[in-house]
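Peer 1: The residues making up each chain are set out below.
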Amino acid sequence: MTLTFFWIFGVIAMAGGLLCITRRNPVGSALWLVVTLFALAAMYVMLDAQFIAALQVLVYAGAIMVLFLFVIMLLNLGRPGPTDIKGPVGVGIAALLAGTLLLQLRVLGQAAPPEAITLPEGTMAALQQQGMVAAVANPLFDAYLIPFEITSLLLLAAIVGAVVLAKRKL
Amino acid sequence: MLLGPALAISAVLFTLGVAGVLLRRNAIVIFMCVELMLNAVNLTFVALAQRIGVGGQVFVFFVMAVAAAEAAVGLAIILAVYRHKQTVNLQNINILKG
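Chains A and B supply the protein sequences, listed in that same order.
For what it's worth, the numbering used here labels the leading residue of the first sequence as 2, then goes sequentially.
For what it's worth, the numbering used here labels the leading residue of the second sequence as 543, then goes sequentially.
The reader is advised that the hints may include incorrect statements.
[What the hints assert, rightly or not] With a cut-off of at most 30 Å between alpha-carbon atoms, the simulated DSS-like pairs for lysine-lysine come out as follows:
1. 627/B - 639/B
2. 168/A - 627/B
3. 639/B - 168/A
4. 87/A - 639/B
5. 627/B - 87/A
[To be verified] Using C-beta positions, here's what the derived DEER-type ranges look like:
6. 83/A - 639/B: 20 to 26 Å
7. 135/A - 639/B: 20 to 26 Å
8. 546/B - 98/A: 21 to 27 Å
[To be verified] A few chain B residues facing chain A, derived, Cβ under 10 Å:
9. 548
10. 597
11. 614
12. 638
What the hints contain is simulated information worked out from the structure, not anything from laboratory work.
Beta carbons: idealized from backbone N, C-alpha and C, even for Gly.
Between the sequences and the hints, there should be enough to build the whole structure, so can you do that?
Peer 2: The following block contains the structure:
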């Protein structure tokens, strides 16, 4: 049952991604990417990552894609115009390279994680009992404290950088 | 287990992102394709976190923070380039060419 729903959302995500890269209109591309992001959020729930699924909807679909749509509309790119998709030669090269990459990734995907590092059965179920927010937050403020603090510095740098770049005159 | 299907879907999504970057000339659409690739990697992290440990989900958190910062700075750069060249088509943006 879960597997069926997982594949349904997976197909939705892949179809959204395909339509995202083939739509001529950037607004259409952005909206199909939102479909993909929502399907991914549903898949995260099935993979025992409820907190990450909520973040996916709030941060990706909610904030980042609104920023993209905002810039597309600000630059008035939604109007019909000549296509920006490359010609037959470009499509052929892209298909060849992407096909090679897909083959390589599929071969890598066959390898299961070694037994020595897999969790014992039922560990995830036990974590589910105390809630996934606590399960993610505990390592975040313990083993990953320094990366977490550096992330705040990165966001500060991004804010300053975006303001400096977007401002006409300081 | 969902690990196999998740890795397969993730591989397809990453490939679609790469194909989009190679296929398009619109800077904003290329940027969205990069986001698609980041999401494909996030799916791999979450799928493996189910088997190996919750550290994978912590990494997804960091990837999202970096993606948000990248989107803000990247779109500001695209805005600045648009103001300069009146286009976001990468064919016409070649000021670094010798």
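Peer 1: Work down the list of hints and note, for each, if the structure agrees.
Peer 2: Results for each hint:
Restraint check: the Cα-Cα separation between residue 627/B and residue 639/B comes to about 15 Å, which is no more than 30 Å; the hinted pair holds. A hinted pair counts as satisfied when its Cα atoms are at most 30 Å apart, and residue 168/A with residue 627/B qualifies at roughly 16 Å. For the suggested pair residue 639/B and residue 168/A, the alpha carbons sit about 26 Å apart, so the restraint of at most 30 Å is met. Proposed proximity of residue 87/A and residue 639/B is supported: the alpha carbons are some 20 Å apart, at most 30 Å.
Between the alpha carbons of residue 627/B and residue 87/A the distance comes to roughly 21 Å, so the proposed pair stays at or under 30 Å and holds. In this structure the supplied range 20 to 26 Å holds for residue 83/A paired with residue 639/B, their Cβ-Cβ distance being about 22 Å. Separated by about 53 Å at the C-beta atoms, residue 135/A and residue 639/B break the suggested range of 20 to 26 Å. Under the hint 21 to 27 Å, the C-beta atoms of residue 546/B and residue 98/A, about 25 Å apart, fit the expected range.
Nearest Cβ of chain A to the Cβ of residue 548/B: about 7 Å, under the 10 Å cut. The hint holds. Among the interface hints, the one on residue 597/B holds; its C-beta lies about 6 Å from the nearest C-beta in chain A, closer than the 10 Å criterion. Hint status for residue 614/B relative to chain A: holds, with the closest Cβ pair at about 4 Å, below 10 Å. Given the 10 Å rule on beta carbons, the hint for residue 638/B is violated: about 17 Å separates it from the nearest Cβ of chain A.
Violated hints for the displayed structure, listed by number in ascending order: 7, 12.
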